[in-house]
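J.: The lines below spell out each chain.
There are 2 protein chains.
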Amino acid sequence: MKQYKHVVLFTNTEPKGGAFVSADNKMAEVQAQALYTFEGDTENGELCFNEGETLTIVQQDVGDGWWEARNYLGNVGLIPQAYVEIIEPPEPSFPPPPPPMPTAPTPSHNGWGHDDGGGGVIQSQQSVDTWDDDWDDEDDDDQSSTSTGGAPSTSSQGQNELHGQGNFGLSQAKPKRDSMSASSPPNTGYGTVKKSFNRFSQFAKAGGEAYMMGNFQGNVSEADMITIMETSDGPEWKPPDQPYSCSVRSPKKESKLKGLKSYIAYQITPSFSNIQVSRRYKHFDWLHIQLENKFTCIPIPPLPDKTISGRYEEEFIDQRMKLLQLWVDRICRHPVLSKSEVFLHFLTCTDDKKWKQGKRRAEKDEYTGGKFFRILQTPPVAMQNGEVEAKMENFCKFQKNMEENTKILSAVAYDHRKKHLGPFKREFQKLGSAFKALAGTFNLDQGPYSQALTGAIDHVGDTYNDIGDLYEKQPRNDLEPLMDTLNEYRGILGQFPDVIKVHEGAIGKARECVKQQAEGKMQESFVQGVTQRADTISFGTLAEINHFQKSRCIDYKQCMTTFLRGQIEFYCQITGKLEAALQQVENS
Amino acid sequence: MKQYKHVVLFTNTEPKGGAFVSADNKMAEVQAQALYTFEGDTENGELCFNEGETLTIVQQDVGDGWWEARNYLGNVGLIPQAYVEIIEPPEPSFPPPPPPMPTAPTPSHNGWGHDDGGGGVIQSQQSVDTWDDDWDDEDDDDQSSTSTGGAPSTSSQGQNELHGQGNFGLSQAKPKRDSMSASSPPNTGYGTVKKSFNRFSQFAKAGGEAYMMGNFQGNVSEADMITIMETSDGPEWKPPDQPYSCSVRSPKKESKLKGLKSYIAYQITPSFSNIQVSRRYKHFDWLHIQLENKFTCIPIPPLPDKTISGRYEEEFIDQRMKLLQLWVDRICRHPVLSKSEVFLHFLTCTDDKKWKQGKRRAEKDEYTGGKFFRILQTPPVAMQNGEVEAKMENFCKFQKNMEENTKILSAVAYDHRKKHLGPFKREFQKLGSAFKALAGTFNLDQGPYSQALTGAIDHVGDTYNDIGDLYEKQPRNDLEPLMDTLNEYRGILGQFPDVIKVHEGAIGKARECVKQQAEGKMQESFVQGVTQRADTISFGTLAEINHFQKSRCIDYKQCMTTFLRGQIEFYCQITGKLEAALQQVENS
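The listed protein sequences correspond, in order, to chains W and F.
The end of the first sequence is residue 587 by numbering that gives the first Met the number 0, with every number in the run present.
The end of the second sequence is residue 587 by numbering that gives the first Met the number 0, with every number in the run present.
Hints listed in this document are in silico derivations from the structure and should not be mistaken for laboratory results.
Computed from a prediction, not measured in an experiment: that's the story for all the values here.
Each hint should be verified, as a subset may be incorrect.
Chain copies aren't distinguished; within one or between two, either way the pair holds.
Lysine-lysine pairs mimicking DSS-like chemistry, simulated, CA-CA at most 30 Å apart [as the list claims (entries may be wrong)]:
1) Lys472 with Lys424
2) Lys321 with Lys251
3) Lys417 with Lys435
4) Lys390 with Lys353
5) Lys363 with Lys424
6) Lys472 with Lys435
7) Lys417 with Lys260
8) Lys435 with Lys390
9) Lys418 with Lys321
10) Lys257 with Lys556
11) Lys424 with Lys435
12) Lys520 with Lys355
13) Lys352 with Lys424
14) Lys399 with Lys429
15) Lys338 with Lys472
16) Lys418 with Lys338
17) Lys418 with Lys549
18) Lys472 with Lys417
19) Lys435 with Lys352
20) Lys252 with Lys353
21) Lys435 with Lys321
22) Lys417 with Lys363
23) Lys556 with Lys338
24) Lys352 with Lys237
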């Protein structure tokens with residue numbers, strides 16, 4: 000039902016707005032104004048409201064980007080936090096971001112919480128705060144990062160410039176679910192990808208239009224360049240000279256302010272240096288924001304869900320560490336991200352002062368948003384428009400299809416895992432108990448001819464009880480790794496619509512310019528420049544799609560291998576136990 | 000809830016009463032008089048009535064010994080057919096039998112119909128007719144057998160003689176469930192076995208009292224004798240000199256009256272002659288009646304359920320053949336039954352005329368009912384009463400316990416089988432479909448790096464679909480043979496309460512006589528005779544219990560072996576399929 004249930008990675012661009020909320024998220028009820036109309040699912044406890052309506056926020060720590068609110072009729076329900084604005088905020092200086100629809104506030108289990116609706120994991124700045132309240136403090140260092148991070152050139156002015164036809168589709172100021180799903184740009188759209196707005200609006204706001212129109216001048220230093228090669232499979236990122244890996248290990252509870260604030264620090268060791276650095280979740284989060292801001296055509300995998308709470312502490316930390324390891328692995332394997340200055344800074348900096356310097360440098364990176372495409376070094380050929388669009392159309396279909404099927408396989412695996420933990424286990428233990436009860440009866444006959452068999456049947460009972468336990472333990476060896484991979488891919492797939500939208504917008508812009516040239520309103524040389532820059536975006540986008548597809552093959556081969564090996568091992572263990580039981584029966 | 004839900008093997012002793020009903024079991028509504036009070040389970044659609052009440056029989060072909068009736072208030076419900084008597088029957092010459100409680104009228108599945116109530120399979124003359132109507136005709140031969148079979152000396156007079164204290168507990172003329180379950184003879188009862196009346200009343204009516212009181216005189220020929228030996232495990236039937244087996248094969252549809260009537264004939268070949276004889280179900284049924292009548296202390300396993308109907312014809316016939324084979328096997332393995340003249344006649348007679356002669360001879364067998372004990376040749380020692388009672392008490396506990404646990408294991412196995420056929424199969428095929436759908440998505444990427452993996456994942460999908468099919472097919476290799484054995488034992492266990500009751504009655508009678516001797520009302524020599532005859536019944540009963548226990552060990556060892564081998568083979572098949580799938584993934 001929920002059209003907006005996609006993964007939203009971008010953070011709120013006015014962090015102060017988020018910060019004041021999290022400063023005391025259990026404060027007294029406050030008033031908020033609805034920025035957008037929300038047609039909530041009242042059956043699931045959501046509250047509907049119209050744009051402009053005033054709501055009373057009853058509770059802000061619901062999680063997953065949801066708040067609890069009361070409307071003027073006194074009805075209480077859940078509302079997506081991003082749809083409203085607190086009235087009289089301390090620094091109400093920025094316009095709100097386009098509304099990402101948070102996931103339903105169902106608790107996750109072990110990180111495999113499956114939602115049948117639209118899937119994905121919401122990660123907004125607010126939910127960071129919600130989570131980190133338990134673990135973390137806001138130190139000076141981080142506050143400065145959140146207030147100066149993101150895209151510094153963002154302004155409402157920049158956004159307005161882009162409104163109108165062909166302007167990257169940003170005309171939908173008041174998104175409603177139904178109108179959203181129905182609207183797809185008739186001219187520039189080559190696909191049927193689900194709409195999302197954050198990444199794209201980021202691009203648009205951060206100079207996408209300006210880049211396309213050639214407003215950025217000057218040379219890019221060789222060191223900053225990212226090379227794209229033409230191969231038989233199409234454009235590809237230049238592979239790294241020295242691939243490396245990183246381990247995420249040894250989560251340590253650390254504290255500051257004389258133990259008043261505590262947090263978990265993970266120890267990260269890159270293979271190229273073997274020097275350990277200590278990083279907190281918020282550092283990951285900061286890194287994630289930088290990667291998002293800079294690599295406009297690269298879907299950055301979401302960080303593990305921040306809002307898992309109320310879990311057994313150690314289990315939660317271990318699970319998060321495992322997911323952070325997967326995340327770091329994926330960045331390390333990416334030919335562009337793994338070489339990026341900001342990631343290497345994150346992996347290697349051990350000095351506090353240098354950390355802050357590197358942090359500021361990253362936050363001031365010139366080549367983010369639209370300007371990112373300036374640093375792409377593309378093959379010296381022109382793109383064939385028809386070919387690009389055919390490829391993009393096929394990938395859109397692929398993305399949509401894979402998102403759907405991954406969701407289904409996730410759901411099946413989640414269900415199957417749940418059956419392993421409960422019904423299957425119980426089923427075999429019922430069989431075990433019944434055999435043991437029969438052995439109990441047979442034990443009433445103390446005849447010498449009877450006792451060995453009685454013991455053997457009792458052992459059969461134990462065997463089925465053990466098999467029940469095997470069922471319970473098994474998912475961690477096959478289903479859970481499978482689900483981890485599926486979940487990673489759901490996250491990545493959820494980023495692609497924004498990447499596609501950027502490309503779509505660029506193609507649309509180039510077309511518009513060609514049309515204006517035909518009408519004599521633009522010069523040929525200028526339009527050639529626009530077309531070239533659209534080609535650069537095509538190269539970047541196709542290189543990333545190529546990387547995605549090849550990674551997918553490697554990852555799914557790996558994940559199917561792990562899954563099947565786990566399954567084989569499982570059935571072999573069962574067989575082994577049954578063979579032992581059979582032997583005892585035969586010897587009885 | 001149902002106290003009477005035990006297996007009832009004995010047939011109605013006034014076959015005419017049953018026959019006239021079956022002659023037209025869809026005739027117009029008739030009146031019937033309640034012979035006993037019936038406190039039915041109204042929630043299960045049963046109708047309560049009092050002794051003497053007049054009921055209108057609405058439907059007679061409900062099956063399993065149940066009819067549908069309407070009482071004077073207009074309430075309609077199910078009633079046990081044996082509790083009522085049709086008013087104005089054509090030949091109302093015999094009194095009705097004590098009321099066996101039929102099983103609930105739930106349809107059986109494949110012969111493993113599981114009833115959670117009390118278990119067991121009802122086999123009354125009526126249900127034979129119900130079933131055989133479809134298959135069979137009543138030829139002269141059979142009619143004569145049913146009218147002259149059973150215990151010819153039965154009379155209401157004989158029954159009344161036995162009423163009163165110590166008289167085999169037959170005083171409960173108006174059995175009510177609650178009073179039934181609560182009443183256990185305070186003096187003679189050594190156990191807590193469920194009560195049933197047919198076998199016991201049969202014994203009582205067929206000369207039990209007369210036997211105990213020494214009313215039968217004359218010598219028994221050596222050829223008729225059945226020898227009981229004393230062994231370290233207690234009394235045992237003398238083992239057969241030449242054990243043999245029999246095959247039940249090749250069911251053939253035969254017909255008579257120029258094809259107007261058709262029936263199935265099974266070909267039976269005993270190993271000692273290797274000469275095939277052709278027998279119909281009704282011949283089995285006749286044989287069963289003879290065995291029941293004669294072998295008073297031997298629980299005769301019930302024949303396969305007669306009332307399975309509406310089944311696919313071939314499947315039904317094969318299933319019945321399989322169960323008849325199990326039944327014949329069990330009789331063949333019994334040291335006494337396998338040597339009995341009537342069984343050998345059944346197995347060997349190929350000549351029509353000789354068949355009728357042997358049939359009449361069996362029906363006129365002198366040593367049935369109470370007189371059966373006259374042909375037992377026991378070890379020349381006196382029984383230790385305390386020891387016998389301890390053994391019987393232990394066995395009663397065993398019987399009750401095993402009946403209960405067999406019921407539970409049956410229920411678990413039945414459920415597990417049902418899950419194999421449905422939910423488990425679907426579960427794996429859901430996984431299969433999800434993998435295949437993912438392969439379908441991956442197939443949209445025609446990159447050469449992708450296709451081998453896509454094919455491998457598609458094969459993984461096929462593999463899980465195949466595993467689903469394996470789940471569906473598996474029960475016939477493990478659960479169904481297990482359930483067959485459990486079902487056989489449920490049938491046999493259901494016969495034991497009658498056997499125990501006969502023994503209990505004999506012990507009670509002997510005690511009563513000893514008491515009367517102490518009071519000077521009986522002579523010592525007479526009471527010694529009574530005690531000896533009680534010992535004979537003890538010997539027979541204990542020999543049969545010993546046979547049961549040793550058979551149980553053999554049967555359960557066999558059945559557990561079959562079950563575990565089936566399970567091992569199953570998991571090996573799954574492993575094999577998964578290994579093939581893994582290899583394809585690894586090679587991709």
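J.: Against each hint, give a clear statement of whether it holds in the structure.
T.: Do the hints match the structure? See the list:
In this assembly of identical chains, the alpha carbons of Lys472 and Lys424 lie at most 30 Å apart whether taken from the same copy (9 Å) or from different copies (21 Å). For the homomeric pair Lys321 and Lys251, the shortest alpha-carbon distance inside one copy (14 Å) is at most 30 Å, but the shortest distance between copies (67 Å) is not. For a Cα distance limit of 30 Å, the shortest separation of Lys417 from Lys435 qualifies both inside one copy, at 26 Å, and across copies, at 22 Å. Proximity of Lys390 to Lys353 under the C-alpha cut-off of 30 Å is found in neither arrangement, the shortest distances being 44 Å within a copy and 89 Å between copies.
With identical chains, the CA atoms of Lys363 and Lys424 are never at most 30 Å apart, being 55 Å at best within one copy and 58 Å at best between copies. For a Cα distance limit of 30 Å, the shortest separation of Lys472 from Lys435 qualifies both inside one copy, at 22 Å, and across copies, at 26 Å. Taking the shortest Cα distances, Lys417 and Lys260 never come within 30 Å of each other, neither inside one copy (37 Å) nor across copies (56 Å). Only between protomers do Lys435 and Lys390 lie at most 30 Å apart by alpha-carbon distance; the minimum there is 24 Å, versus 62 Å within a single protomer.
With identical chains, the CA atoms of Lys418 and Lys321 are at most 30 Å apart within one copy only, with a shortest distance of 24 Å there and 35 Å across copies. In this assembly of identical chains, the alpha carbons of Lys257 and Lys556 never lie at most 30 Å apart, being 49 Å within a copy and 69 Å across copies at closest. For the homomeric pair Lys424 and Lys435, the shortest alpha-carbon distances inside one copy (16 Å) and between copies (27 Å) are both at most 30 Å. Within a single copy, Lys520 and Lys355 get their C-alpha atoms no closer than 49 Å, and across copies no closer than 116 Å, so neither meets the 30 Å cut-off.
Taking the shortest alpha-carbon separations for Lys352 and Lys424, neither the intra-copy value of 55 Å nor the inter-copy value of 61 Å comes in at or below 30 Å. In this assembly of identical chains, the alpha carbons of Lys399 and Lys429 lie at most 30 Å apart only when taken from different copies (21 Å versus 43 Å within one copy). Taking the closest pair of Cα atoms, Lys338 and Lys472 never come within 30 Å of each other, the shortest separation being 39 Å inside a single copy and 55 Å across copies. With identical chains, the CA atoms of Lys418 and Lys338 are never at most 30 Å apart, being 43 Å at best within one copy and 53 Å at best between copies.
Taking CA atoms no more than 30 Å apart as the test, Lys418 paired with Lys549 passes in neither setting, with 33 Å inside one copy and 40 Å between copies. For a Cα distance limit of 30 Å, the shortest separation of Lys472 from Lys417 qualifies both inside one copy, at 11 Å, and across copies, at 25 Å. In the homo-oligomer, the alpha carbons of Lys435 and Lys352 never lie at most 30 Å apart, since the shortest distance is 67 Å inside one protomer and 53 Å across protomers. Taking identical chains as interchangeable, the C-alpha atoms of Lys252 and Lys353 lie at most 30 Å apart only when both belong to the same chain, with a minimum of 24 Å there against 95 Å between chains.
Taking identical chains as interchangeable, the C-alpha atoms of Lys435 and Lys321 lie at most 30 Å apart only when they sit on different chains, with a minimum of 28 Å there against 40 Å within one chain. For a Cα distance limit of 30 Å, the shortest separation of Lys417 from Lys363 qualifies neither inside one copy, at 47 Å, nor across copies, at 65 Å. Proximity of Lys556 and Lys338 under a CA criterion of 30 Å is satisfied intra-copy only: 25 Å inside one chain copy versus 67 Å between copies. In this assembly of identical chains, the alpha carbons of Lys352 and Lys237 never lie at most 30 Å apart, being 33 Å within a copy and 99 Å across copies at closest.
In the structure shown, a violation is registered for the earlier hints numbered 4, 5, 7, 10, 12, 13, 15, 16, 17, 19, 22, 24, in ascending order.
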